[in-house]
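Asker: Take the given structure of chain A and dock chains B, C and D to it, following the hints.
Protein chains in written order, with the working numbering: chain A, 4 to 337; chain B, 4 to 337; chain C, 4 to 337; chain D, 4 to 337.
None of these hints come from the bench; they were simulated from the model. We treat Cβ as the ideally placed atom computed from N, Cα and C, and that holds for glycine. Just so you know, nobody snuck in bad clues.
Coverage of chain D stretches by chain B, computed from C-beta distances (three or more under 8 angstroms per stretch; other residues unrestricted):
hint, segment
1, 133-139
2, 239-253
3, 265-274
Part of the chain B face toward chain C, derived, beta carbon under 10 angstroms:
hint, residue
4, A234
5, T235
6, Y236
7, G237
8, R257
9, E258
10, A264
11, D265
12, S266
13, A267
14, G268
15, F269
16, S271
17, P273
18, L274
4 protein chains.
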Amino acid sequence: MTLRFAVLGAGRIGVTHARAIAAVPGATLVAMAEPSEAAATSAAETFGCEIRSIEAIEAAGDVDAVAICTPTDTHADLIERFARAGKAIFCEKPIDLDADRVRAALAVVEDTGATLMVGFNRRFDPDFGALKQTIDAGRIGAVEMVTLTSRDPGPPPAEYIKVSGGIFRDMTIHDFDMARWLLGEPVETVTAQASVLTDPEIGKLGDYDTATVILRTASGRQAVITNSRRATYGYDQRIEVLGSDGAVSAQNHREANIEIADSAGFHSPPLLNFFMSRYTAAYAVEITAFVEAVRDGTPPPTTGEDGLMALLLADAAVLSVAEGRTVRVDELTR
Amino acid sequence: MTLRFAVLGAGRIGVTHARAIAAVPGATLVAMAEPSEAAATSAAETFGCEIRSIEAIEAAGDVDAVAICTPTDTHADLIERFARAGKAIFCEKPIDLDADRVRAALAVVEDTGATLMVGFNRRFDPDFGALKQTIDAGRIGAVEMVTLTSRDPGPPPAEYIKVSGGIFRDMTIHDFDMARWLLGEPVETVTAQASVLTDPEIGKLGDYDTATVILRTASGRQAVITNSRRATYGYDQRIEVLGSDGAVSAQNHREANIEIADSAGFHSPPLLNFFMSRYTAAYAVEITAFVEAVRDGTPPPTTGEDGLMALLLADAAVLSVAEGRTVRVDELTR
Amino acid sequence: MTLRFAVLGAGRIGVTHARAIAAVPGATLVAMAEPSEAAATSAAETFGCEIRSIEAIEAAGDVDAVAICTPTDTHADLIERFARAGKAIFCEKPIDLDADRVRAALAVVEDTGATLMVGFNRRFDPDFGALKQTIDAGRIGAVEMVTLTSRDPGPPPAEYIKVSGGIFRDMTIHDFDMARWLLGEPVETVTAQASVLTDPEIGKLGDYDTATVILRTASGRQAVITNSRRATYGYDQRIEVLGSDGAVSAQNHREANIEIADSAGFHSPPLLNFFMSRYTAAYAVEITAFVEAVRDGTPPPTTGEDGLMALLLADAAVLSVAEGRTVRVDELTR
Amino acid sequence: MTLRFAVLGAGRIGVTHARAIAAVPGATLVAMAEPSEAAATSAAETFGCEIRSIEAIEAAGDVDAVAICTPTDTHADLIERFARAGKAIFCEKPIDLDADRVRAALAVVEDTGATLMVGFNRRFDPDFGALKQTIDAGRIGAVEMVTLTSRDPGPPPAEYIKVSGGIFRDMTIHDFDMARWLLGEPVETVTAQASVLTDPEIGKLGDYDTATVILRTASGRQAVITNSRRATYGYDQRIEVLGSDGAVSAQNHREANIEIADSAGFHSPPLLNFFMSRYTAAYAVEITAFVEAVRDGTPPPTTGEDGLMALLLADAAVLSVAEGRTVRVDELTR
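Isolated chain A, as found in the complex:
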């Protein structure tokens, strides 16, 4: 059985997923939906697929699954529509910036029995996977402290910041999901600090560019997340997990594995500068995991619930910064 896909949205993330679908055994790309004619035409040529409207895809008998790669504010609606249309759904994160809207969409998913996987691509990175397997194999004992360092090469444009939901919901949300994945226990409290250091414009929009978050579980495990919107040396993505018997860490990826030596010392290239080049392998593994879950009728590895929980941690971080206090997650879930 081959899973027949339609990709909604032919922006850069839509194209990334289309490419992954085209390369994954057991999947085929039937159609894309895209309002921009130029983008639509280009995608259709690249992938040799049809261009269809959302409505046509909803009604199509030759489409088993959709990948939702449209703007964030359309995700929840599309999830509901395609859940009702009986399609398996892969949706880019976040489901929505509002937790109640997410809850409503998840209720539809549950009612319809649809398969929904949320695109937390980092869980599928081969290095992070090897790190997770090291933990799961008991190699470092009980997890005690997770340290996540995520820094973007540079801040996004103001237009993006405005609709992003803020640094915690847009950028830290990936780290919240990774922390949940790695801690092995539910997060109980969120404590955060945030600053504006790279660009005062970001502050004027009510957002931050530099943030630190401490997550804590009931047993006292901690996760520390540090974020910055600016790292001149590239896209900085590191994980370290300390356990009772040892530690495991995943290193950054450089543009090339070379080193130059001269009278000033030793020099190696900067990090891969873009999330799409850094996570190329992760995007392929992610789609494969979705295809396998749909094929086997097993729960997808990243669920709507994962999407909701990461958003709630982001909401708690926003509250923690605003009130200068540690926030219990159950304040937001009661």
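Answerer: Below, chains B, C and D without anything else, positioned relative to chain A:
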């Protein structure tokens, strides 16, 4: 001119400083004071110095400076006595576990015009010195985020924990001093979380073994400190500083710079396991800096004020954990 | 224009090139030739291409280029046939194990004006490419010493050894080509030593498993190649180039970029264990370079002459070991 | 018992050994001999020892051992004199540049039963010691290939080159000793190549600045040595040993363990630039080993025979380059 020293206390840190004094040009070790006869005899033989009582050293005409390496609860008294006796004073950290007692001792130092240097040895580590010079040279632009990772190989005995003042005043205090040194701006707020993960006995004593602290300056610079009383792979001491133009980090020291490759992969030795072997060079540089400050009549690089400020940050961290909130440093300094 | 390919041979290297051709823009896979019916069927299904005979491909109007991935002893014949048939030719190394047979085939290529590229995949590895660019940019000054370390995870089966031409013609030949590429001057002398250390069976076949070669140019530049048929830690492929102003090196690729720390020290995974996984990117870049050369009518980056010269260096190494002396390359080219 | 030393020669290596002797438990520095009055006075002040003539030290009842740190052409004479005077002898390498002169001196040592240790400092480097222990513990199986990379930061002055005995006897001699130490079997053949690349003046003096040597044992184990008189990035000293079950390597030492990241990539400091700072720990361990051997009446770890054998390998390398052939060591020992 040669600075003539007496070392008070012949425990392991007293012996460390005695060795450094013996090796530093411009300094000589005249005497040690030590209540244990066995330790006193051993030290006298090793260093070829006299054993004298505290009182005799106070009155001695052939002693210019003292190194206070006695138990913490004697530090403040001894500082006051030797300040009044006109000796230059090097005192191990902390001055006292109580901020008011520290203030009283510093008042005596100020009244007498004595030279007082507090032993924050990490500032004198050659690698950390190279890191600081990199920042001061403007190489990474404006400092934005300091990340300090300090983990001990294993927890100290319960007897030590009881009199230590707790993890923040005993262990994190070094990181507080390093953060102050590296941030380049006064710390305005302290936000902390702490847990008991390595040994429940530590919790019964009212202390923690795993802690995370976020420091924040008025302009929004942040320092993140993570501590654990247990790291199976050795004494973990790392610093990373992110700036507007780049970052600089200092790596750990391993037992040997070798790597073994076999069918399981690549293996290198654990970290140096003990603060004295890790910071051997730092202790020598530290005493040299003290000798030079006394000789030149310049302020020592780590002052009594530095000792007080690090203690106040520890007090703020204790309060932050207890109350689940961000604490302003000026709550403790008003 | 799309370059229409037939791949001759559906063994593992044929499949590798077929996959690369299928993924490269501007190329398409029309057919494969393969005597094993099982292999042929599998390949045809995987790539959605036809199975044809060599003769049919020779005569085909819809094939512009062939990739010769058949056993070594067929390469020279096939090059001649397809040169005469007017196809562009990509041929796996070596062209032949006999230099005169190579010369004869290259004469046919020259007469017919055919495009011939020889598959020295390492030149197309992105890391080695970055290393080469570093040299070409003048970053390390004049090249003085090239150090090439190539070690296989384990020896090939005796059946393979018998037809391989020996370690210098089978394994070192890649290093000879890399040395020529990196030295920037013609090699003048070859000095070699070889031993049997991993398996006495290899010695019984008249071959070696451990070898060291020193190449020297007229101006005194040196290249040092060390080879072993056994490295328990994986497929070891390193290059270092020392120049008058500095040095540049390319590191190995590990299975995952993670590090585990425990009481025994720090551990990272072994190297990628197989040349096909290590050089996946190189194979893709290589085919792209061939497609571009054919499309643009430019000389391919690795020519038949490169194939001949690397073979002559191997022949010289064999002679050097046999006679215990430095061999001048012009002894073999006169 | 304390071993009472006289150091002959107060140049930089004499001062290095004097400092090591002063710091080693069980040893004391009684006197130095030095023709330059300025150097003699400086050393006497630094170490608080006497200045005596060679003759006075020969006759002294309060001197048990001498460290010969005078110019090379005096070593053999001094060894003979102090062997006859009944002193234990530590002698800097080389014993002499002429193998027959070395043999004659060793004959006197044997006749008198004197203890003679030759200063091959690298064997005592803690990292190289850890590497050797790894091999001796069977961790990498049987040794198959030793790779030694030794590069000086820059060429010595012409005056030094003239009396140095040439690159093989002056510089490679250390690597010959290390190779003998690590191979675990006697070297049977020497094959070398050498060039002049850094400075034509070196060539005019009949010497080389760039050299590669292959050593081979009877069973086929190989050692590869690469030397250069110029490495802009510092004093490059690396060892790698491949065995049947794995490999072990020792890395270089940098000026500081820091790394700077910026938009151009990652940067770390150059290597320690001078053999004395690189091998500070080795010099201390070396003298300790000598003191222990004398005290315990055990053979010193590096003997006169080791000095002779390393010289013979150098002689064989000279011959190999001159005649363009592999030289059997027994051609020089018959």
